[in-house]
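Chain by chain, the residues:
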Amino acid sequence: MGELQRVYFRFCCFFLVFLCHIYCFPYQKCTFTDMLSCFKDKVGDVLLPGDVFSFQMPESITDSKPEKVVCGPGLRRNGDEVLVCKSGILRHKQPNLYWIDSQQRRYVPGKGESVIGIITAKSGDIFKVDVGGSEQASLSYLAFEGATKRNRPNVQVGDLVYSQFIIANKDMEPELVCIDSCGRANGMGVFGAGGLLFKVSLGLVRRLLAPQSEIAKDLEKMFPFEIVVGMNGRVWVKSKTIQQTLIVANLLESCENMTAQQRQTLFRRVADGSI
Amino acid sequence: MDVCGSSSPTLREFGCEQNLLSRPDGSSSFVQGDTSVLAGVYGPAEVKVSKEIYDRATLEVVVQPKVGLPSVRERAREQCVRETCEASLLSTLHPRSSLTLVLQVVHDDGSLLSCFLNSACMALMDAGLPMSCLFAGVTCAIDTDGQVITDPNAAQEKESRALMTFAIDSTERRVMMSSTRGSFTVHELQQCIAVSQKASDKIFQFYRDSVRRSQGLRWFPRQIGDESRDGTDVRDDPEHH
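So the protein lines, in turn, are chains A and B.
Be aware that the first sequence starts at 1, since it is given in the numbering used here, and climbs by one per residue.
Be aware that the second sequence starts at 276, since it is given in the numbering used here, and climbs by one per residue.
Hint data in this document are derived by calculation from the structure and do not stem from the laboratory.
Some clues are possibly wrong.
Subject to a maximum C-alpha distance of 30 angstroms in a straight line, what follows is the list of computed DSBU-like cross-link-like pairs (lysine-lysine) [to be verified]:
1. 199/A x 326/B
2. 199/A x 217/A
3. 477/B x 433/B
4. 68/A x 128/A
5. 122/A x 111/A
6. 111/A x 323/B
7. 111/A x 326/B
8. 40/A x 128/A
9. 111/A x 199/A
10. 170/A x 93/A
11. 238/A x 217/A
12. 199/A x 323/B
13. 323/B x 341/B
14. 473/B x 433/B
15. 170/A x 326/B
16. 122/A x 326/B
17. 40/A x 122/A
18. 323/B x 170/A
19. 170/A x 122/A
20. 341/B x 42/A
21. 149/A x 111/A
22. 238/A x 128/A
23. 473/B x 323/B
24. 93/A x 122/A
25. 170/A x 199/A
26. 323/B x 42/A
27. 221/A x 240/A
28. 128/A x 93/A
29. 477/B x 40/A
30. 217/A x 111/A
31. 341/B x 122/A
32. 122/A x 199/A
33. 323/B x 128/A
34. 326/B x 128/A
35. 170/A x 111/A
With the rest of the complex left out, here is chain A (with noise of 0.2 angstroms):
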């Protein structure tokens, strides 16, 4: 798919941000066993916002070793509690990471994500840029490959960036980059002269960027295009016709809902030439 496609799963990233460890110990009568149970029984079920599970420290530590447990997203630390804070399915990874995978459409700036933005505006140093979150984030023009204060990058308000978060939280304004840390574009940067434009929502686009994404890899035996994903629902295509672009932004933005199943049998009635 070439450099574009960046295919590791940046869901991780989010643990960066959301670690925190509660540390149990695994005691024969007290309840805590039963709540970490309990905790890992509900892997695979679906939790709602406000289900809590405590782990509480008993009064004489038995020498057997502390559990750790780390929360991902969805899931959130008050005190000796974890609690849900949106609605999905418990997810676990071994050893002891745990996450609710929920669904959005809206996206969240999360640090080190690479994700498509449209240059807004250019003022002094900076360009703003849309990400679809709910501030614009700032991309220095300094922050491209090569760009030095007489060299500046060729950056028109309405072009398309990929570009990744250096600094993304709830208090600051999110900053973009274009190069990674050791000064390369490594993929990044403007693209998009023709091609098209749209939004998925984030499970689809983590479902494309996963490593062996079933979906990327029956899309591959259609025809030949190029396409990148951001982690913000945008994905641009581009093919060497406007119909086939069309054909696969279409059949992208319809296999959201659908099986495994239904989806190879639309891409083969599509490979096939009948739709």
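Chain A is fixed; fit chain B onto it per the hints.
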């Protein structure tokens, strides 16, 4: 709609659907008997500088009646819904952003405020906004004989001597918001609160079943994408900085 004694309160048949509108970030439709409300949530989105709050999200509720323009009655209901939502949303996670909740009356056959509350809760859940608890709205009417009726329809509301709506939270079943009209004794108020708390159990169970059903439609556990998600770790990725 049914008259109840001191045992289990009966509610009208209710139904709900999530994620039915394509533009809002979250949407839901809640039906209680013949009363039907459509809710849409937008957010966290950009906020006007005059309305922004430095440490929390600004919640705006808009109630659209079935006919005509919104009037004072709608403003009063907006206030009740907004206070309940603000108490249960974790708005400090999205400072300087705006959350907009739009409630459209599709049909009003009594218990409208509780229908607003229920559809608002489902829409906020559908949008993925972080919440500390869920809330359910229950309406009780006291008729001229002194009987407590839960979830009254429009005819029963008109003949009642007092009408009360409570918003009950899901964690401790406490009253988050109350809106009352008419005259009643303290004992009757406490009786209605107790009845509402019991009725809210059914509503919370319904929320759970409804979300379970809709999550089951969206997420297919047998897809390859899910398994790969469990197997990757960004720390192992050489490109991660």
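Results for each hint:
The straight-line distance between the Cα atoms of residue 199/A and residue 326/B is roughly 28 angstroms, inside the 30 angstroms bound, and the hint therefore holds. The suggested pairing of residue 199/A with residue 217/A holds, with an alpha-carbon distance near 20 angstroms, which does not exceed 30 angstroms. Taken as a hint, the residue 477/B and residue 433/B pair is honoured in the structure, with Cα atoms around 26 angstroms apart against an allowance of 30 angstroms. Annotation: proposed proximity of residue 68/A to residue 128/A is violated, straight-line Cα distance about 41 angstroms (limit 30 angstroms).
Using a Cα cut-off of 30 angstroms, the hinted pair residue 122/A and residue 111/A holds, with the two alpha carbons roughly 23 angstroms apart. Taking the CA atoms of residue 111/A and residue 323/B, the gap is near 25 angstroms; set against the 30 angstroms cutoff, the hint holds. With a CA separation close to 27 angstroms, the supplied pair residue 111/A and residue 326/B stays within the 30 angstroms bound. This hinted pair does not check out: residue 40/A and residue 128/A have alpha carbons roughly 44 angstroms apart, beyond 30 angstroms.
Distance check on the hinted pair: residue 111/A and residue 199/A sit about 21 angstroms apart at the alpha-carbon level, within 30 angstroms; holds. Annotation: proposed proximity of residue 170/A to residue 93/A holds, straight-line Cα distance about 27 angstroms (limit 30 angstroms). Under the criterion of a C-alpha separation no larger than 30 angstroms, the hint pairing residue 238/A with residue 217/A is consistent with the structure, at around 17 angstroms. With a C-alpha separation of about 25 angstroms, the suggested pair residue 199/A and residue 323/B falls inside the 30 angstroms cut-off, and the hint holds.
In summary, the hint linking residue 323/B to residue 341/B is supported, as the alpha carbons are separated by about 29 angstroms, within the 30 angstroms threshold. Of the pairs offered as hints, the one joining residue 473/B and residue 433/B holds, with about 24 angstroms between alpha carbons and a cut-off of 30 angstroms not exceeded. For the suggested pair residue 170/A and residue 326/B, the alpha carbons sit about 17 angstroms apart, so the restraint of at most 30 angstroms is met. With a C-alpha separation of about 25 angstroms, the suggested pair residue 122/A and residue 326/B falls inside the 30 angstroms cut-off, and the hint holds.
In summary, the hint linking residue 40/A to residue 122/A is not supported, as the alpha carbons are separated by about 50 angstroms, beyond the 30 angstroms threshold. Proximity of residue 323/B to residue 170/A is assessed by CA-CA distance (about 17 angstroms); at most 30 angstroms being required, the pair is judged to hold. Taking the CA atoms of residue 170/A and residue 122/A, the gap is about 24 angstroms. The hint holds against a cut of 30 angstroms. A threshold of 30 angstroms between alpha carbons decides the hint, and for residue 341/B with residue 42/A the separation of about 42 angstroms lies outside it, so the pair is violated.
At most 30 angstroms may separate the alpha-carbon atoms for a hinted pair to count; residue 149/A and residue 111/A meet this at roughly 26 angstroms. For the proposed pair residue 238/A and residue 128/A, the alpha carbon gap of about 25 angstroms is at most 30 angstroms, so the pair holds. Only pairs whose Cα atoms come within 30 angstroms are accepted, and residue 473/B paired with residue 323/B is rejected, the gap being roughly 42 angstroms. In summary, the hint linking residue 93/A to residue 122/A is not supported, as the alpha carbons are separated by about 43 angstroms, beyond the 30 angstroms threshold.
At most 30 angstroms may separate the alpha-carbon atoms for a hinted pair to count; residue 170/A and residue 199/A meet this at roughly 23 angstroms. Proposed proximity of residue 323/B and residue 42/A is contradicted: the alpha carbons are some 41 angstroms apart, above 30 angstroms. Proximity of residue 221/A to residue 240/A is assessed by CA-CA distance (about 15 angstroms); at most 30 angstroms being required, the pair is judged to hold. Taken as a hint, the residue 128/A and residue 93/A pair is broken in the structure, with Cα atoms around 38 angstroms apart against an allowance of 30 angstroms.
Between residue 477/B and residue 40/A the CA atoms are separated by roughly 26 angstroms; this keeps the pair inside 30 angstroms, and the hint holds. A threshold of 30 angstroms between alpha carbons decides the hint, and for residue 217/A with residue 111/A the separation of about 28 angstroms falls inside it, so the pair holds. Under the criterion of a C-alpha separation no larger than 30 angstroms, the hint pairing residue 341/B with residue 122/A is inconsistent with the structure, at around 45 angstroms. A C-alpha spacing of about 24 angstroms is found between residue 122/A and residue 199/A, which places the hinted pair at or below 30 angstroms, so the restraint holds.
Using a Cα cut-off of 30 angstroms, the hinted pair residue 323/B and residue 128/A holds, with the two alpha carbons roughly 17 angstroms apart. In summary, the hint linking residue 326/B to residue 128/A is supported, as the alpha carbons are separated by about 22 angstroms, within the 30 angstroms threshold. Between the alpha carbons of residue 170/A and residue 111/A the distance comes to roughly 11 angstroms, so the proposed pair stays at or under 30 angstroms and holds.
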